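Engineer: Chains A and B, in that order, are what the protein sequence lines are. Counting in the working numbering, the first sequence tops out at residue 187, every number present. Counting in the working numbering, the second sequence tops out at residue 583, every number present.
These are calculated hints, taken from the structure and not from any lab test. One should not assume that every hint holds.
[Claimed, not checked] Just some of the chain A residues that point at chain B, by a computed CB distance under 7 Å:
#1 Arg13
#2 Gly45
#3 Asn49
#4 Leu53
#5 His59
#6 Lys82
#7 Lys86
#8 Ile88
#9 Thr90
[Claimed, not checked] Just the calculated beta-carbon pair ranges, DEER-fashion:
#10 A:Met167 <-> B:Pro174: 47 to 53 Å
#11 A:Gly45 <-> B:Gly571: 35 to 41 Å
#12 A:Asn49 <-> B:Asp499: 53 to 59 Å
#13 A:Gly163 <-> B:Ser181: 52 to 58 Å
#14 A:Asp135 <-> B:Leu183: 43 to 49 Å
#15 A:Thr58 <-> B:Gly423: 50 to 56 Å
[Claimed, not checked] Derived lysine to any residue pairs resembling SDA-like cross-links, with alpha carbons at most 20 Å apart:
#16 A:Lys46 <-> B:Gly119
#17 A:Lys61 <-> B:Ile180
#18 A:Lys82 <-> B:His189
#19 B:Lys4 <-> B:Asp163
#20 A:Lys92 <-> B:Arg152
#21 A:Lys22 <-> A:Ser52
#22 A:Lys82 <-> B:Tyr20
#23 A:Lys46 <-> B:Leu422
#24 B:Lys132 <-> A:Gly62
#25 B:Lys291 <-> B:Lys4
#26 A:Lys160 <-> A:Ile99
#27 B:Lys467 <-> B:Arg527
#28 B:Lys66 <-> B:Glu177
#29 A:Lys46 <-> B:Ser182
#30 A:Lys92 <-> A:Arg177
#31 A:Lys92 <-> A:Lys132
#32 B:Lys4 <-> B:His49
#33 A:Lys92 <-> B:Pro188
#34 A:Lys46 <-> B:Pro123
#35 A:Lys61 <-> B:Ser182
#36 A:Lys82 <-> B:Arg152
#37 B:Lys187 <-> A:Val35
#38 A:Lys92 <-> B:Gly185
#39 A:Lys46 <-> B:Met90
#40 A:Lys165 <-> A:Val134
Since the model is a prediction, treat every value here as computed from it, not as a measurement. Glycine is no exception: its CB is placed at the ideal position from the N, C-alpha and C atoms.
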Amino acid sequence: MSEFTVIETRKLREVRKGATRKHIINVTVRNEFGVLARIATLIAGKGYNIESLSVGETHEKGISRMTIEIIGDDIVIDQVVKQLRKLIDTIKVRDLTDIPHVERELVLIKVHTPTARARDEVLRITEIFRGKVVDVSQETYTIEVTGDEDKIRAIVELLKPFGIKEMARTGKIAMKRELGWEENPQD
Amino acid sequence: MSRKGADIVIETLIEEGVEYIFGLPGGAIMEVYDALYRMGGIKHILARHEQGAGHMAEGYARATGKVGVAMVTSGPGATNLVTPIADAYMDSVPTVFITGQVPLHLIGNDAFQEVDIIGITRPITKHSFLVKRVEDLPYIIRQAFHIARTGRPGPVVIDLPKDITQQLSDVPIPSREEAISSLIGYKPHLTGNPQQIKKAVKLITEAKKPVLYVGGGAVNAEAQDELLELAELMRIPVTTTTQGKGAFPEDHPLSLRMLGMHGTYYANMAVYNCDLLIAVGARFDDRVTGKVEEFAPNAKIIHIDIDPASISKNIIVDVPIVGDVKIVLNKILEEIKKKGVKILHAKEREEWLEQINKWKKMYPLTYKNSNKVIKPQYVIEQIYEVTRGEAILSAGVGQHQMWAAMFYKFSFPRQFINSGGLGTMGFGLPAGIGAKVGRPDVPVFVIDGDGSFLMTMQEVVTAVHYKIPVKVAIINNGYLGMVRQWQELFYEKRYSEVDLSIQPDFVKLAEACGAVGFRAEKPSEVREILEEAMRIEDRPVIMDFHVDREENVFPMVPAGKSYRDMILEDGKSPDVETMYLVG
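Using the sequences provided together with the hints, build the complete structure.
Structural biologist: See the structure below:
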């Protein structure tokens, strides 16, 4: 049986390795008791931190939508997505990372503005970023800005020198763009 | 008609076809026990420890395929169920666990016997429910059974606050369809993608050296007939995991028996050298694959599984097919027959089977018997003979579990009940009791170790109470044997904390519990005791087999190593020249 002669070296099976990067995942859920805990437990079980998370109701009764941002290995995130789909209360799970999508976040920043000059400057920056001043005191301006990650980062950097007293962010929400993209039937 | 929530629980369980509940009452679940007392209709097995009740429910489910039900009280009752719940989760056992809970208004107050069992079990359940309105009760129970038994089966916990079980309601019991209609996100995919099935058939037709690798999913789907037909029709050898045992008869010429860490030489060599691996309801566990990079290194892989998250989790596969194993195998068979059953390389495939037969002859499963000391393998072989291979075996975890897997040939599904994923010592006895309750027509042997037995031995009393004639064979080596084996092989015989030679007199213990006890110290006594045990039908029997203390389980692939690093009998390595084939 010449077919079965001995050889020394064997091929190795390729082990899956993925790039580590930021993923943005949309999860539509039945708004049941404990659903957020289930999702958080699942992600924590993989050893990942949730970078940001936002939850809100949708137009349909009893259905909520979450946007979760996590940094992780592509392969493991793929597992997370599959396991999120397995949860009984999830209806739809989609990793938007490689799909054209719109991202928005709202941030409230309370800036130290004790002088007229500081107030003028902060107001100008706010206008450039199409933000709004939503609260004023003798010492502070509170500014509201929405935008994507880069825009938020930029304004925060610009306001830092004045002294940021407090800041709150909503976490990202995201939605797939409708044009120029073919639906992936797997989703 | 208005009735208590507790009555609704029992009504719905009866509607779901529940025949047995395994459990243990307590304060928070008393209303339901009262309803059970008043209403009847379900038999209850009172375990002596909640862990026992949980494993009994599992054993019942594993032996029958029906949903196993365990019911306990809140707090410690619930926490004692955690191990069985995790066990059922790892091995995909359809189970519903009902736990009592403190009244709703006390939840979160550190009330007496309060524990957040939903939170504790969240990562080890398929789903869980906290009942907050009495009207939801029948819906939730129906949904729990539906979730437990469909898709990839698993455990579901229902946490029942005491006040819910006391409130009155006239809510009717909904039909199954009505109850599950709100589970809009839960629809297991059953049919398999037709394109993928075509691809699979092409690979099966073209392969020269195929192997079927079969796991517990095939047992859950009851796909034994389809498997046998596919294997025989296409001349494909079959290896099974511990959970897949019995899905393919081990006395069949195409059987390679078990693969993996303690798999047969020929199963592991076949997997190592195959050019096509067809994984059926299996999940590429690390105890199966060893070093992933060297697992079936030259093979294309087809993976059929109901759980999309199991596919390409540990190993990238070439043809993933998400679906019910039975349905998908039927479609594959249909497609093969439509083309008129072709094996493209029939000659090579016969040569492949010939090669496998050579491996089988070269290193069969074997051990050195003795007429002085009882060899554990000998006990298993004798049990096989005395039961004519027709018994259900329930095993604890450790060396004895592996010897049972190796030296008993399993020929029908659900015949080997053991804790594969979680590896729960103490599983064997209660699971065996549950199995016997579910299958009173079949003899049930518990193969236990002395270490495993001690962990749940109070359930002997349960078996006596209900006259459940399980036959417990303790493979007694006075050691935590598997740990000792690893210490011998990998820790230079530093036997750290594994000596169990201080132990109860198991014969007296059996008698004290009202069971029958036997002891064998010489090989010549083994057969007689087993035959005696087979005649006892009204009580459990505990057989204490004093075996060779330092016998090892071989073959063995050390953890994380390749199949090529296999250790055979007496610690020898196989002849390397026999292991590699040209791809």
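Engineer: Run the distance test for A:Lys61 versus B:Ile180: straight-line Cα separation, threshold 20 Å.
Structural biologist: holds, 18 Å
Engineer: Does A:Asn49 meet its interface restraint, that is, does its C-beta lie within less than 7 Å of any C-beta in chain B?
Structural biologist: Hint on A:Asn49: violated, closest Cβ of chain B at ~17 Å, above 7 Å.
Engineer: Is the shortest C-beta separation between A:Leu53 and chain B less than 7 Å?
Structural biologist: Given a least distance of 17 Å, the restraint on A:Leu53 is violated.
Engineer: Holds or violated: the 43 to 49 Å window for the beta-carbon distance between A:Asp135 and B:Leu183?
Structural biologist: holds, 45 Å
Engineer: What's the verdict on A:Lys46 and B:Pro123, does the C-alpha distance respect the 20 Å limit or exceed it?
Structural biologist: holds, 11 Å
Engineer: Hint validation: A:Lys82 versus chain B, beta carbon distance must be below 7 Å. Holds or violated?
Structural biologist: holds, 4 Å
Engineer: Between A:Lys92 and B:Gly185, does the CA-CA distance stay at or below 20 Å?
Structural biologist: Cα-Cα ~7 Å, so holds.
Engineer: That 35 to 41 Å hint for A:Gly45 and B:Gly571 (C-beta), does it hold up?
Structural biologist: For B:Gly571 against A:Gly45, whose Cβ atoms are near 38 Å apart, the range 35 to 41 Å holds.
Engineer: Using 7 Å as the Cβ threshold, decide whether A:His59 counts as touching chain B.
Structural biologist: The hint is violated - A:His59 has no Cβ within 7 Å of chain B, the shortest such distance being about 16 Å.
Engineer: Given the hinted pair B:Lys132 and A:Gly62, is their alpha-carbon gap at most 20 Å?
Structural biologist: holds, 17 Å
Engineer: Return the status of the interface hint for A:Thr90: holds when the least beta-carbon distance to chain B is below 7 Å, violated otherwise.
Structural biologist: holds, 5 Å
Engineer: Run the distance test for B:Lys4 versus B:Asp163: straight-line Cα separation, threshold 20 Å.
Structural biologist: Roughly 10 Å separates the two Cα atoms, so the pair holds.
In the structure shown, a violation is registered for the earlier hints numbered 3, 4, 5, 12, 15, 22, 25, 26, 27, 29, 31, 32, in ascending order.
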